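Keeping their order, the protein sequence lines are chains A and B.
In terms of the numbering used here, the first sequence has 25 at position 25, counting the first letter as 1, and numbering is strictly consecutive.
In terms of the numbering used here, the second sequence has 189 at position 78, counting the first letter as 1, and numbering is strictly consecutive.
Calculated directly from the structure, the hints in this document are not laboratory data.
Values in this document were obtained by computation on a predicted structure and should not be read as measured data.
Glycine included, C-beta positions come from ideal geometry on N, C-alpha and C.
Hints may be right or wrong, so weigh each one.
To be verified - With a straight-line Cα cutoff of 16 Å, these simulated EDC-like cross-link-like pairs (lysine to aspartate or glutamate) come out:
| id | chain 1 | residue 1 | chain 2 | residue 2 |
| --- | --- | --- | --- | --- |
| 1 | B | Lys-288 | B | Asp-258 |
| 2 | B | Lys-167 | A | Glu-33 |
| 3 | A | Lys-79 | B | Asp-113 |
| 4 | B | Lys-288 | B | Asp-247 |
| 5 | B | Lys-260 | B | Glu-291 |
| 6 | B | Lys-284 | B | Asp-258 |
| 7 | B | Lys-242 | B | Asp-258 |
| 8 | A | Lys-79 | B | Asp-135 |
| 9 | A | Lys-79 | A | Glu-33 |
| 10 | B | Lys-260 | B | Asp-247 |
| 11 | A | Lys-79 | B | Glu-291 |
| 12 | B | Lys-271 | B | Asp-247 |
To be verified - Chain A is nowhere near these chain B residues, computed Cβ spacing over 10 Å in every case:
| id | residue |
| --- | --- |
| 13 | Met-112 |
| 14 | Ala-125 |
| 15 | Asp-153 |
| 16 | Leu-155 |
| 17 | Gly-169 |
| 18 | Met-204 |
| 19 | Glu-206 |
| 20 | Thr-223 |
| 21 | Glu-224 |
| 22 | Lys-260 |
| 23 | Lys-271 |
| 24 | Ala-308 |
| 25 | Lys-336 |
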Amino acid sequence: MTHDIQSSATDVLATAEEWRRSGRQVALATVVETWGSAPRPTGSHLVIDEDGNFEGSVSGGCVEGAVVSEAIDVIETGKPTTLEFGVADETAWRVGLSCGGRISVYVEPIS
Amino acid sequence: MDLSLLSALNEERAARGATILVTDMASGEQRLVLKRSDFSADPLHDELVRRFRSGKSGMIETDAGNMFLTVSVPPPRLVIIGAVHISQALAPMAEIAGFDVTIIDPRTAFATEERFPKETLIAEWPEDVLKDAPLDAFTAVAAVTHDPKIDDLPLQEALKAGCFYVGALGSRKTHAKRVERFLEAGIPQADIDRIDAPIGLDIGAASPAEIAVAVLGKVIAALRKEPETA
Numbered sequence: 001m002t003h004d005i006q007s008s009a010t011d012v013l014a015t016a017e018e019w020r021r022s023g024r025q026v027a028l029a030t031v032v033e034t035w036g037s038a039p040r041p042t043g044s045h046l047v048i049d050e051d052g053n054f055e056g057s058v059s060g061g062c063v064e065g066a067v068v069s070e071a072i073d074v075i076e077t078g079k080p081t082t083l084e085f086g087v088a089d090e091t092a093w094r095v096g097l098s099c100g101g102r103i104s105v106y107v108e109p110i111s
Numbered sequence: 112m113d114l115s116l117l118s119a120l121n122e123e124r125a126a127r128g129a130t131i132l133v134t135d136m137a138s139g140e141q142r143l144v145l146k147r148s149d150f151s152a153d154p155l156h157d158e159l160v161r162r163f164r165s166g167k168s169g170m171i172e173t174d175a176g177n178m179f180l181t182v183s184v185p186p187p188r189l190v191i192i193g194a195v196h197i198s199q200a201l202a203p204m205a206e207i208a209g210f211d212v213t214i215i216d217p218r219t220a221f222a223t224e225e226r227f228p229k230e231t232l233i234a235e236w237p238e239d240v241l242k243d244a245p246l247d248a249f250t251a252v253a254a255v256t257h258d259p260k261i262d263d264l265p266l267q268e269a270l271k272a273g274c275f276y277v278g279a280l281g282s283r284k285t286h287a288k289r290v291e292r293f294l295e296a297g298i299p300q301a302d303i304d305r306i307d308a309p310i311g312l313d314i315g316a317a318s319p320a321e322i323a324v325a326v327l328g329k330v331i332a333a334l335r336k337e338p339e340t341a
């Protein structure tokens, strides 16, 4: 009877620790707020390394690309940042959420 | 986030502990609250208690600014003592509802792979199973064998471990005898009062499957609702 939480779906926080311990530079993105219809709930994580490898999700794939490139900046500067995505956003044409919702994503380095 | 904080968080999660990571959105400062620790003096105490119960992460406004609470709670487990007819309905329903289900019954005539999927079934005595996989606050225990030799020990263990739900099948008379045995065994009355008996929601359940619905309803209520204040 092994009901290990790590063995179920991909465990993003465990991955973040593993990557950092193996010497990679790592940032963690977390959905901190959602408005309207959002594909992933508050608290969802995406882990990113300095080469742009990532694991997890903060949307249904709509904004991951933008979060990854911002995360690489966060890794370089060492400063956390909060990103907003949504249809009202002027970047919506590029990386908006097709579902019409808005999300706020906190990106922080693992130091 | 500090790697040391992330390690502490992951370690606690791996041990089926519940945690809340508090992030100050303005400064980026973070701290980790463990459910098993004493956080009664924490300025966010009431909010933390609510979040541990709901399991939901979220932003809150405080006097000190916006804080984001990353809540990690282990997936709820349901341990069913007794591979009986009720369990045949209860196990799949509970799995659909998102519980990790384990059925324990030392009686090999009941605990057969024909009646239950083998990944959820353990044909051993509860005391042997619980030694390796102890109960915890995110586990519900439903004892449905009708046999004190099998039911009593895991029920007592469930009360000691603070399982969020402890239910026992049996009539009021059966339960009265159980209460006597538990008092003799030194279990505090307040703990005994936590046992849901007769088991399940009072919906007039008649068939084994209906009793399973009643039990699952009570388990979910215990998991999701604020405790009723007497």
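Problem - Assertion that B/Glu-206 lies outside the chain A interface [Cβ separation over 10 Å] - result: 12 Å, holds
Problem - Least C-beta distance between B/Gly-169 and chain A, which was stated to exceed 10 Å - result: Label violated. Min Cβ-Cβ 5 Å, cutoff 10 Å.
Practice task
Compare the distance between the alpha carbons of A/Lys-79 and B/Glu-291 with 16 Å, and conclude whether the hinted pair is satisfied.
Solution key: 62 Å, violated
Exercise for the section: Starting from B/Lys-242, check that the Cα of B/Asp-258 is at most 16 Å away, please. Expected result: 20 Å, violated
Handout entry: Status of the stated non-contact between B/Lys-260 and chain A (beta carbon gap over 10 Å)
Key = 21 Å, holds
Exercise for the section: Evaluate the condition: distance from the CB of B/Thr-223 to the nearest CB of chain A exceeds 10 Å. Expected result: Consistent with the label, B/Thr-223 stays out of reach of chain A, its closest Cβ about 17 Å off (over 10 Å).
Practice task
Take a quick look at whether B/Lys-284 and B/Asp-258 sit within 16 Å of each other, Cα to Cα.
Solution key: 14 Å, holds
Exercise for the section: For the pair we were handed, B/Lys-288 and B/Asp-258, check the Cα-Cα distance against 16 Å. Expected result: 12 Å, holds
Practice task
Below or equal to 16 Å on CA atoms is what counts here, so check A/Lys-79 against B/Asp-113.
Solution key: 13 Å, holds
Handout entry: Agreement of B/Lys-167 and A/Glu-33 with the hint, judged by alpha carbon distance not exceeding 16 Å
Key = 12 Å, holds
Problem - chain A versus B/Lys-271 - minimum CB to CB distance exceeding 10 Å, so not interface - result: It holds; B/Lys-271 is separated from chain A by about 19 Å at its closest Cβ, greater than 10 Å.
Practice task
Quickly compare the C-alpha distance for B/Lys-271 and B/Asp-247 to 16 Å and report which way the hint goes.
Solution key: Given that 16 Å is the threshold and the Cα spacing comes to 9 Å, the pair holds.
The structure shown violates the earlier hints numbered 4, 7, 9, 10, 11, 13, 14, 17.
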